[in-house]
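Sequences listed follow chains A and B, in order. Going left to right, the first sequence walks through residues 320 to 695 as the working numbering numbers them. Going left to right, the second sequence walks through residues 234 to 551 as the working numbering numbers them.
Any given hint could be a false lead.
Unchecked claim - Over the 10 Å line for every Cβ pair with chain A, so calculated as not near, a few chain B residues:
hint, residue
1, V238
2, T242
3, L253
4, G306
5, R341
6, R342
7, A356
8, T374
9, A376
10, P378
11, A392
12, L452
13, V476
14, L480
15, T497
16, K520
As the list claims (entries may be wrong) - Below are the DSS-like pairs computed for lysine-lysine, each with C-alpha atoms no more than 27 Å apart in a straight line:
hint, chain 1, residue 1, chain 2, residue 2
17, A, K468, A, K489
18, A, K529, B, K304
19, B, K371, A, K479
20, B, K386, A, K489
21, B, K371, A, K583
22, B, K371, A, K493
23, B, K386, A, K570
24, A, K688, B, K370
25, A, K506, B, K237
26, A, K570, B, K371
27, B, K371, A, K688
Claimed, not checked - Covered, in the sense of this in silico footprint (three residues per stretch, anywhere, with C-beta under 8 Å from a C-beta of chain B), are these stretches of chain A:
hint, segment
28, 384 to 397
29, 521 to 532
30, 640 to 646
Derived from the structure by calculation, the hints contain no laboratory data. Since the structure is predicted, the reported quantities are computational estimates derived from the model, not experimental observations. Just so you know, even glycine gets a beta-carbon here, dropped at the ideal spot from N, CA and C.
Spelled out from the first residue to the last, the chains are:
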Amino acid sequence: VRKTIRVAAVVAVTAMAGAGFTAGNAQAAKALKCPKGISIGFMGALSGENGALGQNMVNGASIAFDEWNKANKTCQVKFDKSTFKDSQGSPDQASPLAPALVADKNVLGLIGPGFSGETKATMPVFEAATLPMITPGATNAKLSTNGWKMFHRILANDDKQGPGIVKLMKKTAKKVGVIDDASEYGKGLADTVRAGLGALKVSDTQIDPKSSDFSAAVNQMKAAGVDTVFYGGYYAEAAKLVKAMADAGVKVQFVAGDGVLDQKYIDNAGAAAEGSLVTATGAPADVNPAFQAKFKAKFGTDPAIYSPEAYDCAQVFLAAIKAGKTNRKAIAAFVAAYDAPGITKQIKFTPEGEVAGDAVYAYQVTGGKLVPKGII
Amino acid sequence: MHFKVFLDTFWPNTIDGLSLGAIYALIALGYTLVYGVLRLINFANSEVFMIGTFGASSALWLLGIRTESIKTGPALIGVLVLMFLFSLLFSIATALALEFVAYRPLRRRNAPRLVFLITAIGASLAISESVGAFGSKKRDTYAFPRVWNTRAKIFSIGAGDVQVRNLVTVIGAILMMIALYAFVNKTRLGRGMRAVAQDSETARILGVNVNQVILLTFLIGGVMAGGAAFLYFLYYESTRYSVGFLLGVKSFTAAVLGGIGNITGALLGGLLLGLVENYGSALLGGKWKDVVAFAVLVLVLMVRPSGLLGEKLGRARA
Numbered sequence: 320v321r322k323t324i325r326v327a328a329v330v331a332v333t334a335m336a337g338a339g340f341t342a343g344n345a346q347a348a349k350a351l352k353c354p355k356g357i358s359i360g361f362m363g364a365l366s367g368e369n370g371a372l373g374q375n376m377v378n379g380a381s382i383a384f385d386e387w388n389k390a391n392k393t394c395q396v397k398f399d400k401s402t403f404k405d406s407q408g409s410p411d412q413a414s415p416l417a418p419a420l421v422a423d424k425n426v427l428g429l430i431g432p433g434f435s436g437e438t439k440a441t442m443p444v445f446e447a448a449t450l451p452m453i454t455p456g457a458t459n460a461k462l463s464t465n466g467w468k469m470f471h472r473i474l475a476n477d478d479k480q481g482p483g484i485v486k487l488m489k490k491t492a493k494k495v496g497v498i499d500d501a502s503e504y505g506k507g508l509a510d511t512v513r514a515g516l517g518a519l520k521v522s523d524t525q526i527d528p529k530s531s532d533f534s535a536a537v538n539q540m541k542a543a544g545v546d547t548v549f550y551g552g553y554y555a556e557a558a559k560l561v562k563a564m565a566d567a568g569v570k571v572q573f574v575a576g577d578g579v580l581d582q583k584y585i586d587n588a589g590a591a592a593e594g595s596l597v598t599a600t601g602a603p604a605d606v607n608p609a610f611q612a613k614f615k616a617k618f619g620t621d622p623a624i625y626s627p628e629a630y631d632c633a634q635v636f637l638a639a640i641k642a643g644k645t646n647r648k649a650i651a652a653f654v655a656a657y658d659a660p661g662i663t664k665q666i667k668f669t670p671e672g673e674v675a676g677d678a679v680y681a682y683q684v685t686g687g688k689l690v691p692k693g694i695i
Numbered sequence: 234m235h236f237k238v239f240l241d242t243f244w245p246n247t248i249d250g251l252s253l254g255a256i257y258a259l260i261a262l263g264y265t266l267v268y269g270v271l272r273l274i275n276f277a278n279s280e281v282f283m284i285g286t287f288g289a290s291s292a293l294w295l296l297g298i299r300t301e302s303i304k305t306g307p308a309l310i311g312v313l314v315l316m317f318l319f320s321l322l323f324s325i326a327t328a329l330a331l332e333f334v335a336y337r338p339l340r341r342r343n344a345p346r347l348v349f350l351i352t353a354i355g356a357s358l359a360i361s362e363s364v365g366a367f368g369s370k371k372r373d374t375y376a377f378p379r380v381w382n383t384r385a386k387i388f389s390i391g392a393g394d395v396q397v398r399n400l401v402t403v404i405g406a407i408l409m410m411i412a413l414y415a416f417v418n419k420t421r422l423g424r425g426m427r428a429v430a431q432d433s434e435t436a437r438i439l440g441v442n443v444n445q446v447i448l449l450t451f452l453i454g455g456v457m458a459g460g461a462a463f464l465y466f467l468y469y470e471s472t473r474y475s476v477g478f479l480l481g482v483k484s485f486t487a488a489v490l491g492g493i494g495n496i497t498g499a500l501l502g503g504l505l506l507g508l509v510e511n512y513g514s515a516l517l518g519g520k521w522k523d524v525v526a527f528a529v530l531v532l533v534l535m536v537r538p539s540g541l542l543g544e545k546l547g548r549a550r551a
């Protein structure tokens with residue numbers, strides 16, 4: 320008899336629990352309720368020289384908010400001009416905007432700042448106000464070394480690109496020449512590549528980007544008999560360099576970092592650019608066809624650089640709100656523990672706020688266009 | 234010291250160094266002539282060159298050449314002549330505009346020499362920044378389609394290939410300089426130039442129209458810069474608003490190296506600088522290229538303060 324009672328009790332408890340669970344679920348599906356006026360902020364360049372980049376971010380994220388607000392009538396999350404802070408990408412302009420942003424208690428999270436300089440300048444303010452942020456574009460590696468708990472970066476930082484490039488070159492290269500433009504970005508990237516290549520690197524030099532003549536560097540590569548050349552620098556000089564090599568009859572696989580990821584590289588170098596490999600930490604336009612289609616339907620163009628990343632940033636915050644987190648502290652904790660696939664990659668943050676795992680993409684110039692080749 | 238790199242790249246670096254050196258030499262003549270006659274360093278000469286490269290590209294644009302189209306025979310000669318004329322036209326117009334707008338008003342007011350120098354630097358910045366701000370591609374590179382297969386190899390010296398562009402640049406520059414030398418030394422107008430260079434007051438008293446001579450000097454400087462622009466454009470097939478800056482500084486260095494005011498000195502200085510840069514770059518590494526160029530200048534000036542061949546245009550010898 321005792322046994323029967325026990326079984327009955329177990330059955331009853333299970334049934335109740337099951338019923339309760341189902342009921343709770345049904346309620347969530349019916350209507351997720353949250354405080355009125357909650358919003359996610361944005362900070363970045365929306366005007367000025369780099370205004371297009373910030374606009375790319377806002378556009379990408381807005382796709383996620385449109386979907387959410389359509390599906391959740393009783394839990395509207397604002398993401399519009401009232402919560403956008405246009406810093407023009409400059410640290411000086413961003414600094415006074417940050418306190419205004421954190422003062423708005425309805426702002427629960429921040430997408431951005433878009434660039435590294437402004438992130439460095441404003442991060443202490445967000446940190447003090449416990450405002451969790453996820454940047455879709457600031458890639459300076461040092462940003463994650465400040466002990467900021469609110470800092471998250473959804474794409475690989477500059478230091479991860481070098482190892483990605485080395486991995487890419489090691490697939491085919493036997494003798495590599497490395498050239499850089501002596502800029503902070505170009506030399507920095509080239510130095511990580513140099514370190515990673517080891518004995519594969521047989522020739523090494525530097526060019527002056529202000530110069531028009533790169534013949535000394537080209538002749539050095541030719542004499543060394545390299546099969547692959549890595550260039551650390553920007554597209555304008557990369558175009559001249561790759562053309563100068565082709566003109567001098569140097570046939571090599573040309574490889575460069577995201578400073579060269581620009582159609583103007585191909586426009587300026589012409590046929591010489593064909594076959595070049597270019598890497599980037601940002602995902603290509605077609606990384607997710609569904610996203611690409613939605614983006615095209617709303618804006619009439621393909622997603623541009625940083626749009627997919629911004630969409631992923633938005634998804635992380637919306638997942639937090641879906642889980643019932645409606646204050647900054649709870650959202651910050653949720654973001655720190657987040658681990659789910661995004662459209663650009665698996666989204667999971669290290670304690671420092673870096674996205675975990677490989678996240679460097681390769682492109683190859685094919686038929687005069689930069690064609691995505693996926694994650695290296 | 235990378236002796237192996239230096240030896241391996243010796244011939245190619247010599248060929249490319251001489252080619253770029255020839256372009257330096259032509260631009261250097263603009264500095265040298267104006268200095269010889271006016272004792273003025275016309276820093277805006279680099280922009281006279283820059284505008285000239287846009288002249289050559291405008292010719293291609295006007296002809297409707299947008300993609301690579303290799304021409305041969307009369308068609309090629311026609312295109313080249315047009316490009317050359319446009320380069321000259323653009324450069325001469327810029328040089329004369331500088332004289333009329335920037336320098337002549339100052340001379341009329343007897344402005345001190347320092348004012349001329351600052352005006353020259355200001356004019357240089359104003360011109361290049363205007364092109365950067367208002368040009369159709371702003372601060373980006375303007376790349377142009379190939380009309381002449383200047384990359385065809387003619388012969389080799391050691392590991393170095395001599396291409397059509399190398400020969401055209403060096404021979405073109407030398408021909409222009411011979412013409413200039415003959416003009417300055419053999420013609421009546423050239424004699425006027427030399428007279429003003431020696432002593433402008435006495436020349437004026439003896440009936441030389443000094444303002445006309447100065448205008449002529451700017452015009453010839455423009456012709457040389459225009460020629461350099463044409464050759465540069467054939468050689469590199471692209472241009473940019475800032476293209477004159479470093480080339481201008483290097484050409485000025487070449488002029489001082491050879492002896493400012495001295496026509497043969499400009500040629501020698503230009504070729505030498507082109508070679509030394511490439512050799513230094515191979516021997517010490519690419520980042521030392523500019524250091525080597527200016528170190529050589531300092532060393533030469535320590536031994537010969539007026540340059541390798543001295544300041545000749547203004548001397549009584551001619």
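Do the hints match the structure? See the list:
1. Not every CB of chain A is more than 10 Å from the CB of B/V238 (nearest about 6 Å), against its label as outside the interface.
2. In this structure B/T242 is not separated from chain A by more than 10 Å, as the shortest Cβ-Cβ distance comes to only about 4 Å.
3. With a minimum CB-CB distance of about 5 Å to chain A, B/L253 fails to clear the 10 Å threshold, and the non-interface call is violated.
4. Distance check for B/G306 against chain A: the nearest CB is about 23 Å away, which clears 10 Å, and the non-interface claim stands.
5. With 10 Å as the threshold on Cβ separation, the claim that B/R341 sits away from chain A holds: the shortest Cβ distance comes to roughly 36 Å.
6. Here B/R342 stays apart from chain A, with its beta-carbon at least about 35 Å from theirs, past the 10 Å limit.
7. No Cβ of chain A comes within 10 Å of the Cβ of B/A356; the nearest lies about 20 Å off, and the non-interface call holds.
8. With 10 Å as the threshold on Cβ separation, the claim that B/T374 sits away from chain A is violated: the shortest Cβ distance comes to roughly 5 Å.
9. The non-interface label for B/A376 is inconsistent with chain A: the shortest C-beta to C-beta separation is roughly 4 Å, within 10 Å.
10. For B/P378, the shortest C-beta to C-beta distance to chain A comes to about 8 Å, within the 10 Å cut-off, and the non-interface label is violated.
11. For B/A392, the condition that its CB be more than 10 Å from all CB atoms of chain A is violated, with the nearest at approximately 7 Å.
12. Annotated as non-interface, B/L452 keeps its C-beta farther than 10 Å from every C-beta of chain A; the closest such distance is 26 Å.
13. The beta carbon of B/V476 is not kept farther than 10 Å from every beta carbon of chain A, the shortest such distance being approximately 6 Å.
14. With a cut of 10 Å on Cβ distances, B/L480 falls inside the contact zone with chain A, its closest approach being about 7 Å.
15. A cut-off of 10 Å between C-beta atoms confirms that B/T497 is not in contact with chain A; the least separation is 24 Å.
16. Once the 10 Å rule is applied to beta carbons, B/K520 is inconsistent with being away from chain A; the minimum gap is 4 Å.
17. Of the pairs offered as hints, the one joining A/K468 and A/K489 is violated, with about 36 Å between alpha carbons and a cut-off of 27 Å exceeded.
18. Proposed proximity of A/K529 and B/K304 is contradicted: the alpha carbons are some 31 Å apart, above 27 Å.
19. Taking the CA atoms of B/K371 and A/K479, the gap is about 33 Å. The hint is violated against a cut of 27 Å.
20. For the given pair, B/K386 sits about 33 Å from A/K489 by alpha-carbon distance, which is inconsistent with the 27 Å threshold.
21. Proposed proximity of B/K371 and A/K583 is supported: the alpha carbons are some 13 Å apart, at most 27 Å.
22. Distance check on the hinted pair: B/K371 and A/K493 sit about 40 Å apart at the alpha-carbon level, beyond 27 Å; violated.
23. Proposed proximity of B/K386 and A/K570 is supported: the alpha carbons are some 16 Å apart, at most 27 Å.
24. A hinted pair counts as satisfied when its Cα atoms are at most 27 Å apart, and A/K688 with B/K370 qualifies at roughly 20 Å.
25. Restraint check for A/K506 and B/K237: satisfied, since their Cα atoms lie roughly 24 Å apart, inside the 27 Å limit.
26. Distance restraint check for A/K570 and B/K371: the Cα-Cα separation of roughly 32 Å exceeds the 27 Å cut-off, and the hinted pair is therefore not satisfied.
27. Annotation: proposed proximity of B/K371 to A/K688 holds, straight-line Cα distance about 23 Å (limit 27 Å).
28. For the segment 384 to 397 of chain A, the proposed coverage by chain B is not satisfied: 0 residues have a C-beta within less than 8 Å of a C-beta in that chain, short of the threshold of three.
29. Coverage of the segment 521 to 532 of chain A by chain B holds [criterion: at least 3 residues with CB-CB distance below 8 Å; count 10].
30. Residues of the segment 640 to 646 of chain A lying with their CB closer than 8 Å to a CB of chain B number 0, which falls below the three-residue condition for coverage.
Of the numbered hints given earlier, the model fails hints 1, 2, 3, 8, 9, 10, 11, 13, 14, 16, 17, 18, 19, 20, 22, 26, 28, 30; all others are met.
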